[in-house]
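Top to bottom, those sequences are chains V and E.
Start counting the first sequence at 1; every next residue gets the next number (the numbering used here).
Start counting the second sequence at 1; every next residue gets the next number (the numbering used here).
If you are wondering where the hints come from, they were derived from the structure by calculation, not from laboratory data.
Just so we're clear, the structure is a prediction, and the values are computed from it rather than from any experiment.
Backbone N, C-alpha and C fix where the C-beta goes; we use that ideal spot for every residue, glycine too.
One or more of the hints may lead you astray.
[To be verified] The following label-pair restraints were derived from C-beta to C-beta distances:
1) Ser362/V <-> Leu59/E: 26 to 34 Å
2) Gly145/E <-> Lys267/V: 54 to 62 Å
3) Gly142/E <-> Gly415/V: 45 to 53 Å
4) Glu284/V <-> Leu284/E: 54 to 62 Å
5) Pro41/V <-> Phe20/E: 32 to 40 Å
6) Ala191/V <-> Leu95/E: 48 to 56 Å
7) Trp77/V <-> Gly152/E: 56 to 64 Å
8) Leu129/E <-> Ser91/V: 34 to 42 Å
9) Ala6/E <-> Ala37/V: 50 to 58 Å
10) Arg332/V <-> Phe128/E: 42 to 50 Å
11) Leu95/E <-> Glu284/V: 46 to 54 Å
12) Val23/E <-> Arg332/V: 41 to 49 Å
[To be verified] Partial list, computed: chain E residues near chain V (C-beta under 8 Å):
13) Gln38
14) Glu45
15) Val131
16) Leu134
17) Pro136
18) Gln233
19) Ser237
20) Asn243
21) Tyr259
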Amino acid sequence: MRPLVPRRTALAGGAAALAAGLAACAPTGAGKVNAEAVIPPSDGPVTLTYWAWLKDLQKVADKFNASQDRITVNATWIPGGNAGGYAKILSAVAAGGGPDIAQVELRSVPEFALAGALTDLSRYGFADDEKDFDPGAFAQIKVGDSLWAVPQDTGPGAMFFNKDVFEGELGLTPPKTWDEFRTVAEEVTKAGKTLMTLDPGDGSVLPFWAMQKGSVWFEPQDDTWVLNMADDPTMEMADFWDGIFADKLVSTGYGAFSTPWYAAAGKGDVLSYVGGSWGDALIETVPGGKGKWAVADMPRWDDGYASGGLGGSSAAVLSTSEHPAEALEFLRWMCTDPDGIDAMIENSGIGWSPAADYIGKSREKASDFFSGQKYNVDVIEPMAKGQNLDWTWAPLMQRIIDRLGDGMLDVVGGGSTFTKMLPQAQDDIAEIMRKIGLKVEIAK
Amino acid sequence: MRSKSAPWVLMAPFLLLFLFTMVLPIIIAIVQSFLTVQRTGLVGEDGAVSRFAGLENYLAALTNQNFTDSILRMLAFGVVQVTVMIVASTILALLLESASARWPGLFRAAYFLPYGIPGVIATILWSFLYVPGLSPIVDALGWVGIDVDFLGPNMVLWSIANIVTWTYTGYNMLIIIAQLKAIPADLYEAAKIDGAGPLRVVTSIQLPLIRPALMLTIIFSIIGTLQLFAEPQVLSSMSSGINSEYTPNLSAYAYAFQYNDLGMASAEAVIIALAAFILSAAALGISNRLGRKS
Chain V
1 MRPLVPRRTA
11 LAGGAAALAA
21 GLAACAPTGA
31 GKVNAEAVIP
41 PSDGPVTLTY
51 WAWLKDLQKV
61 ADKFNASQDR
71 ITVNATWIPG
81 GNAGGYAKIL
91 SAVAAGGGPD
101 IAQVELRSVP
111 EFALAGALTD
121 LSRYGFADDE
131 KDFDPGAFAQ
141 IKVGDSLWAV
151 PQDTGPGAMF
161 FNKDVFEGEL
171 GLTPPKTWDE
181 FRTVAEEVTK
191 AGKTLMTLDP
201 GDGSVLPFWA
211 MQKGSVWFEP
221 QDDTWVLNMA
231 DDPTMEMADF
241 WDGIFADKLV
251 STGYGAFSTP
261 WYAAAGKGDV
271 LSYVGGSWGD
281 ALIETVPGGK
291 GKWAVADMPR
301 WDDGYASGGL
311 GGSSAAVLST
321 SEHPAEALEF
331 LRWMCTDPDG
341 IDAMIENSGI
351 GWSPAADYIG
361 KSREKASDFF
371 SGQKYNVDVI
381 EPMAKGQNLD
391 WTWAPLMQRI
401 IDRLGDGMLD
411 VVGGGSTFTK
421 MLPQAQDDIA
431 EIMRKIGLKV
441 EIAK
Chain E
1 MRSKSAPWVL
11 MAPFLLLFLF
21 TMVLPIIIAI
31 VQSFLTVQRT
41 GLVGEDGAVS
51 RFAGLENYLA
61 ALTNQNFTDS
71 ILRMLAFGVV
81 QVTVMIVAST
91 ILALLLESAS
101 ARWPGLFRAA
111 YFLPYGIPGV
121 IATILWSFLY
131 VPGLSPIVDA
141 LGWVGIDVDF
151 LGPNMVLWSI
161 ANIVTWTYTG
171 YNMLIIIAQL
181 KAIPADLYEA
191 AKIDGAGPLR
201 VVTSIQLPLI
211 RPALMLTIIF
221 SIIGTLQLFA
231 EPQVLSSMSS
241 GINSEYTPNL
251 SAYAYAFQYN
261 DLGMASAEAV
271 IIALAAFILS
281 AAALGISNRL
291 GRKS
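With the rest of the complex left out, here is chain V (with noise of 0.2 Å):
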């Protein structure tokens, strides 16, 4: 007649459950581990698991399992970072678990510092290592004298244009400018077609021109941020593309590589595309594209730098990792090893190379779709060595670019300009950063 399991015993069962639910919602000691001894290398034989979205990476990870017998790298395909990826790691490391080495985007490293979910690999020698990357690469994942991830692909900006029609039929020449960019977007639109479009609600191309005018947005001091994005520079690009806007020179009906995109850029409609190198995998799918596209250098300002950097990513040894050694033992073959850089290429079709003097070998070949030019050693390469090195990531940078997101949407609505917009933003950026405990300035 008893009950299986007495009411007591249930009780006590259900507030054990809850007790180790509400443990799992603590956060991690974040920053704990890199206050602790560093953990020495491994003796015996090591297993490394390896999370990220790029495709066919376990065939990168055979490479090096194959060059050498002590560390066996596996590794597993997750969803892209915002897409849960993110979730995953982050919710796996707030759990004590996770795999030791997990693919995070260049902006977003010190987000994941913050949640203290990562090594900093300074302690484990990697500043001895920055000579072998490109400085563009290494300076992305630096936040004072703290490098938290190893850079694994970037992407210099540059412009990809339809020569076909760009040159052939309109008898335009690639802009050098900004300033002859908007007279070459005003000869598009009088010819009824689209110079460039964007994705309205798409933040991430602020910052991108911004660094390029060489305004550094965030600047750590001491243990202050300083916020510098209502800045002379930063002013001086924004009140150019409200200019742009106001004209209504590029469209914002739809972002690059959007389906309808494929079809205007397919139609010839859609001329070009200012962005990151990573974009050239993208455009060599637009439906009849083969020999019409070439690249050329990403319009400039007289002052300021070549180009900006849009995307690329990094590859981050997590703070839950009981081998941070032997992981950045794989990670300096993967990202600077010419046979490691050419099996990401071929495998995982990464952006651009991190590496400091080897851009992959097969880019350095005349390419049959962007019209037998040679674009990664004549355009890229020039691109990804003139960036600003100064440019550091903030935390929290998915917030910071969806708030400047929905500020460029008020703007494209006609409801504001980037010249009013940028200041307002940075107010509440400041303030977002400061509600989680962070110390922010903005600079006068």
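Assemble the complex: chain V is given as a structure, and chain E must be docked to it using the hints.
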């Protein structure tokens, strides 16, 4: 004695799953909605503490204008879209169940078909009919001098409503048909003998007797409206009208999965659940009162 424990043993697989995938996450979400994380140092390297925040997250959610705007937006959406959809479902169901309907099976299947298409795919399909330059509808309207931008800030909400209506009308119609089929034939016979015409049968027999099904579909639709997610998410890359917190669920999703602010996300999720609960209860209350009057 054995028979006493048997049901528990047999139910155990379900109960365990239910406890760990439904009850526990809800409890954790509620607990989390009262917690906040404070960090120190440039990127939190000087430590982080999770502390009890009282109603801070709730206040932050309710003073987050993007979030409150999204709730008001969904209310406007629901009032129009749910009404249109339920009326359309009811009319379709009544027509298909009327004596003079031809090939009711075929049409039932045809109307139900859109429900089988996942929301994301449906939205991509519809986007081809919305995007200027690609859409034959926009072109055709342009020829007769009507310029519409289906994805503009003022129109996109109703473009989404159109997709949702297209998807769910057939599904709701099926629920109503199931109830119509349960009406005993002798009621129709009696009505016929009393000389009731088809319209009279609808108003005096069918509509009153399908009220439970209508209630069910209305409550499902209210909850569905508050949970709108895939359609605006997919359209956001093509529309200047959709921000990152366009619907309450998109807002909670952004905080949970993009901003890693679980306290705020949980508070928003609890508010969404409470709103769905209150609205559903209100719908039931109105229905009961109307039922008593008639």
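Hints, one by one, checked against the model:
1. Ser362/V <-> Leu59/E: 26 to 34 Å: violated, 55 Å
2. Gly145/E <-> Lys267/V: 54 to 62 Å: violated, 25 Å
3. Gly142/E <-> Gly415/V: 45 to 53 Å: violated, 26 Å
4. Glu284/V <-> Leu284/E: 54 to 62 Å: holds, 57 Å
5. Pro41/V <-> Phe20/E: 32 to 40 Å: holds, 39 Å
6. Ala191/V <-> Leu95/E: 48 to 56 Å: holds, 52 Å
7. Trp77/V <-> Gly152/E: 56 to 64 Å: With a Cβ separation near 38 Å, Trp77/V and Gly152/E fall outside 56 to 64 Å, so the hint is violated.
8. Leu129/E <-> Ser91/V: 34 to 42 Å: Holds, since Leu129/E and Ser91/V (Cβ atoms, about 39 Å apart) stay within the stated range.
9. Ala6/E <-> Ala37/V: 50 to 58 Å: holds, 56 Å
10. Arg332/V <-> Phe128/E: 42 to 50 Å: 47 Å Cβ-Cβ, so the 42 to 50 Å window holds.
11. Leu95/E <-> Glu284/V: 46 to 54 Å: At roughly 52 Å between Cβ atoms, Glu284/V and Leu95/E fall inside 46 to 54 Å, so the hint holds.
12. Val23/E <-> Arg332/V: 41 to 49 Å: Given about 47 Å between the Cβ atoms, the range holds.
13. Gln38: holds, 4 Å
14. Glu45: holds, 4 Å
15. Val131: Holds. Min distance 4 Å.
16. Leu134: Result: holds, 5 Å to nearest chain V Cβ.
17. Pro136: Check failed: Cβ of Pro136/E comes no nearer than 13 Å to chain V, outside 8 Å.
18. Gln233: violated, 10 Å
19. Ser237: OK, holds: Ser237/E within 8 Å of chain V, min 5 Å.
20. Asn243: Holds, because the Cβ-Cβ distance from Asn243/E to chain V comes to roughly 4 Å (cut-off 8 Å).
21. Tyr259: holds, 5 Å
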